[in-house]
Amino acid sequence: KNQVEQSPQSLIILEGKNCTLQCNYTVSPFSNLRWYKQDTGRGPVSLTIMTFSENTKSNGRYTATLDADTKQSSLHITASQLSDSASYICVVTIIGTYKYIFGTGTRLKVLA
Amino acid sequence: SAVISQKPSRDICQRGTSLTIQCQVDSQVTMMFWYRQQPGQSLTLIATANQGSEATYESGFVIDKFPISRPNLTFSTLTVSNMSPEDSSIYLCSVDSTRGKNIQYFGAGTRLSVL
Chain A
37 KNQVEQSPQS
47 LIILEGKNCT
57 LQCNYTVSPF
67 SNLRWYKQDT
77 GRGPVSLTIM
87 TFSENTKSNG
97 RYTATLDADT
107 KQSSLHITAS
117 QLSDSASYIC
127 VVTIIGTYKY
137 IFGTGTRLKV
147 LA
Chain B
81 SAVISQKPSR
91 DICQRGTSLT
101 IQCQVDSQVT
111 MMFWYRQQPG
121 QSLTLIATAN
131 QGSEATYESG
141 FVIDKFPISR
151 PNLTFSTLTV
161 SNMSPEDSSI
171 YLCSVDSTRG
181 KNIQYFGAGT
191 RLSVL
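Protein sequences, first through last, are from chains A and B. The numbering of the first sequence is the numbering used here, which starts it at 37 and goes up by one. The numbering of the second sequence is the numbering used here, which starts it at 81 and goes up by one.
Hints should not be assumed to be uniformly reliable.
To be verified - Below, simulated DSBU-like cross-link-like pairs (lysine-lysine); rule was C-alpha separation at most 30 angstroms, straight line: (1) A/K93 with A/K145; (2) A/K145 with B/K145; (3) A/K93 with B/K87; (4) A/K107 with A/K145; (5) B/K87 with A/K37; (6) A/K37 with A/K107; (7) A/K135 with A/K53; (8) A/K135 with B/K145; (9) A/K37 with A/K93; (10) A/K93 with A/K135.
No lab work stands behind these hints, which were simulated from the structure alone. Being a predicted model, the structure only gives us computed values, none of them experimental.
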């Protein structure tokens with residue numbers, strides 16, 4: 037069964053600290069993996085997208101990694117800011133389709 | 081990038097009524113997607129809407145309950161029919177980028193509460 041699991045479900049950190057969010061997937065055949073940020077009351081916004089051959093991708097303070105062998109990805113946030121408070125969603129695409137398999141997300145809260 | 085305008089942003093509706101959600105894109109796109117996001121849950125694809133053809137529905141979603149229109153390449157509507165409290169959710173419109181960038185763009189969503 038095609039699934040995307042994220043951990044932790046929620047996370048609270050202090051402003052300025054780093055954190056890492058995890059994503060494990062069983063989707064096959066794999067096309068790409070995306071990380072989205074979803075602010076409360078808004079639609080998801082793309083942070084990074086990685087194909088099978090890519091193992092890291094950065095977008096400012098956000099760095100995503102991908103291990104296609106173990107089917108794991110992580111999103112590392114450096115020097116967190118209050119505005120990083122949001123849900124972070126991992127999404128895996130099935131090759132040759134528009135099928136996006138969404139994880140349930142990690143809800144991040146950054147405190148001052 | 082694609083800018084998606086979704087209306088209404090929120091609504092409170094009575095059981096048994098219907099609500100039509102509009103999605104306007106600032107560029108022509110082949111495929112538009114409608115998702116549902118229940119509280120604390122991830123996104124679930126309802127259907128894929130291509131211009132000029134019937135929408136393709138995912139398992140668990142039917143046209144009678146969620147009729148979709150796609151009159152042109154920049155606009156689509158999703159109707160939630162004969163609503164019940166279980167339909168309370170956020171409904172999101174989405175498009176894939178053109179120009180090969182393989183990025184998915186979302187509208188801000190419609191927060192629906194059914195009493």
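Hint check results:
no.: 1; hint: A/K93 with A/K145; verdict: holds, 23 angstroms
no.: 2; hint: A/K145 with B/K145; verdict: violated, 36 angstroms
no.: 3; hint: A/K93 with B/K87; verdict: violated, 34 angstroms
no.: 4; hint: A/K107 with A/K145; verdict: holds, 26 angstroms
no.: 5; hint: B/K87 with A/K37; verdict: violated, 35 angstroms
no.: 6; hint: A/K37 with A/K107; verdict: holds, 14 angstroms
no.: 7; hint: A/K135 with A/K53; verdict: violated, 35 angstroms
no.: 8; hint: A/K135 with B/K145; verdict: holds, 22 angstroms
no.: 9; hint: A/K37 with A/K93; verdict: holds, 27 angstroms
no.: 10; hint: A/K93 with A/K135; verdict: holds, 22 angstroms
Consistency with the previously given hints fails for numbers 2, 3, 5, 7, ordered from lowest to highest.
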